[in-house]
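*Asks:* Working from the sequences, and respecting the hints, build out all of it.
So the sequence lines, in the order shown, correspond to chains E and U.
The first sequence begins at 1 in the working numbering and counts up by one.
The second sequence begins at 1001 in the working numbering and counts up by one.
Worth flagging that the hints you see were computed from the coordinates, not collected in a lab.
The C-beta atom is built at its ideal place from N, Cα and C for all residues, glycine as well.
Accuracy of the hints is not assured; some may be wrong.
[Unchecked claim] Covered stretches of chain U (in silico footprint by chain E; criterion: 3 or more residues with CB under 8 Å from a CB of chain E, positions within the stretch not fixed):
id : stretch
1  : 1005 to 1018
2  : 1083 to 1093
3  : 1104 to 1113
[Said to hold, decoys possible] If we take Cβ atoms under 8 Å as the criterion, some of the chain U residues that face chain E in the derived model are:
id : residue
4  : N1098
5  : T1101
6  : T1252
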Amino acid sequence: MAKVRVLVAKPGLDGHDRGAKVVARALRDAGFEVIYTGLRQTPEQIAEAALQEDVNVVAMSILSGAHPHLFPKVVNLIREKGMDDVLIIGGGVIPETDIPALKEAGIAEVFTPGTPTGDIVDFIKANVK
Amino acid sequence: MDIVEELLKGNRLALSRAITAIENEYDEAMDIMKKLYPHTGHAFVLGITGPPGAGKSTLTDKLARAYRAQGKTVGIIAIDPTSPFTGGAILGDRIRMNGLTMDEGVFIRSMGTRGSLGGLSHKTADAVKAMDAFGKDIIFVETVGVGQSEVDIVKAADTTMVVLIPGMGDDIQAIKAGILEIGDVFTINKADHDGADKLVREMNMMLDLDGLMTDWRPPIQKVIASQNEGITETIENIEKHFKYISENGILTKRRTERSKNEMLDVLHSNIGSYITNKLVETGKMDEYVEQIKARETDPYTVVSNVMKDMLK
Ligand SMILES: Nc1nc2c(ncn2[C@@H]2O[C@H](COP(=O)(O)OP(=O)(O)O)[C@@H](O)[C@H]2O)c(=O)[nH]1
Ligand SMILES: [Mg+2]
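*Replies:* Listed below in structure tokens is the structure:
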């Protein structure tokens, strides 16, 4: 009776989490267990929470533009903890031109504003280990 | 990774994987529990229950900090309901405890209720044991509500704290039977709201009327968890209760009862699945069901016969 567990996190300093909450609810409605940690998480906190919760997926969202630095940092911290199978995805206000570098850094997929939440659910179902 | 060996060495990922095995009922979970069991029995287990939004997680955060300041290590199991419709859940307790995440002496695990409540209390008890074997001094178990399910879950606890808030109106009447039974200490949180004193009076009256009352009179403490007020007093109450149950043999009795329940739980589930599997494998299951449906026999006769056959 395994369940897909997803950590929904907001790294960085930007001030609201409406988008993250919408995603969290959509993931719950898809039958996932969503661990929601709220605003202003450091990459270290996100990685440690991912470890303690033994999640299959980490979904992050950033609106502030800090993604080129923060997303790869989280990936590295999670891998350093020995969690090789965790699927890490990102979303938020992210220019198309930044996406290849993020994928190179280990972000499995990047979802920009306006992506139907169903696409995120489908991506997780297809790629979770 | 050898989960047990690594867990006992203090590897947090191993602890996390052990709890996952327990939650998902992986085959290896039983073997893990067998090996961890000799290392358990050291932690103090505190159950925290109360209605949604009462401030249980906020309070857990503050209590955990206070225990950390005493140098004790802390484990937290925070349980939130799983949606019966989708099977999904939003587990939001960590939001109130973010300040503890980077403290290596604290380990927080969120769990969904996932259907069967009997299963949940069993899994919770095993997750507590995993944290106990890991070496945690104090383990908090936070659950929502005050119904039968929570009563079962708090059976894993040495001391149970019930958190109530002012302004619950008639709700308190509806839940009072349950809370009187399970509360060793009461916390009236959100004492910054109107009605806290009134609620304390009502609680006192209910305790006065409670015919089953023992020598232990559950203390009632007003708290403002969000402002860290009343935390020291709450810890004193918890410690007083622990001293009381230790000195009066109640702790020993509760732990004996718990050992018995653990054995019976494992017995029932193992024998139940053994017999069920046999019936399915041999095709007898469908046969019996058809006969029962046609009123050619009844479930009682079938089970008596099956037991005679299989448990010789
Ligand atoms: N006014 C007030 N709000 C509080 C107090 N303690 C917690 N809260 C708030 O109550 C809400 C629910 O708290 P939470 O700890 O998540 O409750 P739980 O559902 O019982 O775990 C949060 O917004 C808290 O900030 C308190 O003592 N006074
Ligand atoms: Mg809570």
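*Asks:* Each of the hints needs a verdict: does it hold here or not?
*Replies:* Hint check results:
1. 1005 to 1018: Satisfied; 4 residues make the cut.
2. 1083 to 1093: holds (count 8)
3. 1104 to 1113: Held - the stretch 1104 to 1113 of chain U has 5 residues with a Cβ nearer than 8 Å to chain E, which meets the minimum of three.
4. N1098: holds, 6 Å
5. T1101: holds, 5 Å
6. T1252: violated, 32 Å
The structure fails hint 6 only (numbered hints given earlier).
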